[in-house]
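Here the protein sequences come in this chain order: A and B.
Position in the first sequence (first residue = 1) + 7 = our numbering.
Position in the second sequence (first residue = 1) + 655 = our numbering.
No lab work stands behind these hints: they were computed from the structure.
Hints may be right or wrong, so weigh each one.
Here are the computed lysine-lysine pairs in the DSS-like style, where the Cα-Cα straight-line distance is at most 25 Å [said to hold, decoys possible]: (1) 422(A) x 671(B); (2) 783(B) x 262(A); (3) 728(B) x 422(A); (4) 482(A) x 671(B); (5) 664(B) x 482(A); (6) 423(A) x 675(B); (7) 768(B) x 262(A); (8) 482(A) x 675(B); (9) 664(B) x 728(B); (10) 674(B) x 422(A); (11) 728(B) x 482(A); (12) 482(A) x 422(A); (13) 423(A) x 674(B); (14) 482(A) x 674(B); (15) 423(A) x 671(B); (16) 854(B) x 833(B); (17) 422(A) x 673(B); (18) 728(B) x 673(B); (19) 673(B) x 482(A); (20) 422(A) x 675(B); (21) 673(B) x 423(A).
Please read all numbers here as calculations on a predicted model, not as lab measurements.
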Amino acid sequence: MKPVTANLKILYQSREMWVWYFICGISIWLASAIPALPKNLPPWVHPGPLNTVSLINPVLVLVIFGFAVGRLAADVWTKPMFFCLPGQIATSMKILLLMGLASAAITSLATTILTPWMTIRSLNIIIALFSFYLMIYWLSVITIIRFNKLIFVIFLFWFVFFIIPLMGRMEMMVFIQKLLLTHSWASVFVCWPITCLIFYALRCRYLARAMCGAPWVTFFVGGETPGSNRYNHIRQAKALYLDRVAGFIDYFFSKRIRSSNRSLILPNLWGSIYEIISYLSSNCLMIFFVGLSVFYCSLNLINHVSGIDLQPYYFSLFGILCGHTCVIPRSDILMPVSRRGQLFSGITAVITSIFIMLAIAVTFVLLSNILSTAGNFTTFLFALDAEFISFNGKYIFFSAIVLPATAGLLILFRKKSALSMMSIIVLALFLLASDLYIIDNGGYIFNMFNLFFIILITVFSFAFYLAILYFDSMKRSLC
Amino acid sequence: MSEFEPIIKIRGLTKKFKKKTALDSVDLDIFPGRIIGLLGPNGCGKSTLLRHMVGLYLPTNGSCVTFGCDAAKLGSRELSRIGYVHQEGELLNWMTVSQLIRYVSAYYPDWNKDLEDRYLHDFEIMIKDPVGSLSPGQRQKLAILLAVGHEPDLLILDEPASALDPISRVQFLELLLKIIQQDGKTILISSHILADVEKIIDHVIIMKDGRIIQSQDFDDLRERYLRVRLTSIDAPLPERLPFEMILTCQRDKYQAVLVLERLYFDSIKDQAETLNCRIDAHSLPLEDLYKIIIRGQD
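Turn these sequences into a full structure, and let the hints steer you where they fit.
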């Protein structure tokens, strides 16, 4: 049995893979459900059915497919001795190539299914789309193989939330579509060199040698392996250490922990916050991403651009971030914190987070209302006319539901971070897809009933968190 | 708590992980002021037992009482009297050594800063290094420092020296000896490096398949077995030696090395004289005692 064949067994033998299938299914379903951002291309582009087709959905599907196939190849390449086996690199590359050709062909045909094929122009467009899709596929493959960082993948996933609206605003997809439709051969000449470059970069024996036996963030096992842990240690150790910031943080929190030594809850609570903050401050990349996200979210929350209401995205994301801070980290250092202390610290952390969250939400309400009196203005970010949004109170429920559920899932899958991340993403996607729409419909009584129902879901989310926290603190092994 | 009251009292402790029984009705008392060696083959339940003592694991059946309190309900007061070094334990890798020490020490009002400085110097740990970049040996030294910095009454060490170099191991043993010189301090050490363990322990617990098969004072155990060297003076030894109750025997034509229980020594001595053999007897090192006891169970 060839290593490639042996490793393909992971596709059906691993239980966690079924979670992945579920995620992929959801993603593909959502990708197809996302409304096409440029719904109608300008008439000068091309008359006919292609006008109403958005490329964003096939691109998303290809990106996810490229990630999955790339991970599979990486899993095979990192097996010890793989490099020494004759012909294995060529076999892997053949599989990657075949998958890419097939997926690009199917997607390009599916995109142009309503187009009459027998015209020269249509054939040109199909070839251009095929080249473009193949390039997207290879870009995804090389991204997942070369950037072996779980954190990168997570951020990439979340940045989908930012990139999609950003592309919509800048009309990037319109530009790409215009290029593909009106200058088909030009785009072919752009896409193919990039594709070939990626193919040869992956085929390089040096890369295969470097990856052989390397610790790898295993995407398919749904958990952290000793190899991935070791990798993370090395990565964290290499991260730039911000001496001054860390020095102040150390002093502040050590003092708080020391002065609250007699309390049941406070030392652990301060300690947990310190662990999270010290983790963030130890990693420049993380600071950059968090800072960028907060900046971008804030800008979008206080103004309303291009008719896209991003409030549900940001409130969900906010709930997820706050949910992360409620999870008391656990190392193998035996701290003098009792199980009861851990339970109460967890409860306090959630209550504190909710208050902070409400305070921030209220700030945004006030800010948007105050600024709306100033009328429209031009944002410096996109140079587009912007209107301040009227704050929709129902979105607080997004955070209120997501926050405890996130914390609960993180605790439940404490040792399987990939699994918890996947569950949270699914939860957020379902919530976003539902958009809590029932609250907007019907008359007063119906709305009151819906409000009661949503409060019930929020309470249920809290109950879920409390049950998991109690189970974890009092009934489960702590290491 | 008096010297005669156990600080850890375990009764009928059973732990099951799904279908696997890791601990099977373990009964054990640990008295203060002892250095106890916990030995046993891989997977026999040593770490599981130690984790129950500090309340990290919850028993499937039975009880574990530490400092007079159910281990699962240990409060911060009891926990601050315990130091624990975890086998291959995860530290907070994103912190630097000094950050981690400052953080952990903040939890302990009685943290000994002088001790910390001394061990940092002795163990040659660079305080500005990120924890994640330390070698396994350095990490183990740091874990030991974090466990002893608050001068705990009970120090539980789960494979603490497996990654240490020989010089560091000596320093580590000296550290343990210094700790035990203080009144009422108890050390429980699980290790496979028996040559080191035997230098410091005064009590041995041997486990196999989730059960304690031997719990005895180390001196009593050493007294129990002997290694006897028989050297024939003039003629080759007989093809079949006329001794019974021999545990192991290695021999050539003129010499035989026997391991036996001490109570049979006198009879063997008499028989050896009839064979005209010279006889030398020595006590056994811990490693050999361990092998005899483990093999005796097979």
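Query raised in the report: Keeping to a limit of 25 Å between CA atoms, is the pair of residue 854(B) and residue 833(B) held or broken?
Result: Since the Cα atoms of residue 854(B) and residue 833(B) sit roughly 13 Å apart, the hinted pair holds (cutoff 25 Å).
Query raised in the report: Does residue 422(A) pair with residue 675(B) here, judged by a C-alpha cut-off of 25 Å?
Result: Holds - the C-alpha atoms of residue 675(B) and residue 422(A) are around 20 Å apart, at most 25 Å.
Report task. For the pair we were handed, residue 423(A) and residue 671(B), check the Cα-Cα distance against 25 Å. Result -> holds (22 Å)
Query raised in the report: Is the hinted pair residue 673(B) and residue 482(A) satisfied, with a Cα-Cα distance of at most 25 Å?
Result: This hinted pair holds, its Cα atoms lying about 15 Å apart.
Query raised in the report: Between residue 664(B) and residue 728(B), does the CA-CA distance stay at or below 25 Å?
Result: It holds: about 14 Å lies between the C-alpha atoms, which stays within 25 Å.
Query raised in the report: Straight-line Cα separation of residue 673(B) and residue 423(A) no greater than 25 Å?
Result: holds (18 Å)
Requested in this report: With a cut-off of 25 Å on the C-alpha distance, tell me whether residue 482(A) and residue 422(A) pass.
Outcome: holds (16 Å)
Query raised in the report: Would the pair residue 422(A) and residue 671(B) pass a check requiring their Cα atoms to be no farther apart than 25 Å?
Result: holds (19 Å)
Requested in this report: Below or equal to 25 Å on CA atoms is what counts here, so check residue 664(B) against residue 482(A).
Outcome: holds (21 Å)
Query raised in the report: Does the structure keep residue 768(B) and residue 262(A) at a Cα separation of 25 Å or less?
Result: Between residue 768(B) and residue 262(A) the Cα gap is close to 16 Å, so the pair holds against 25 Å.
Report task. For the pair we were handed, residue 423(A) and residue 675(B), check the Cα-Cα distance against 25 Å. Result -> holds (22 Å)
**Report entry** 25 Å Cα cutoff - pair residue 728(B), residue 673(B)
**Finding:** It holds: about 24 Å lies between the C-alpha atoms, which stays within 25 Å.
Hint compliance for this structure: every hint is met.
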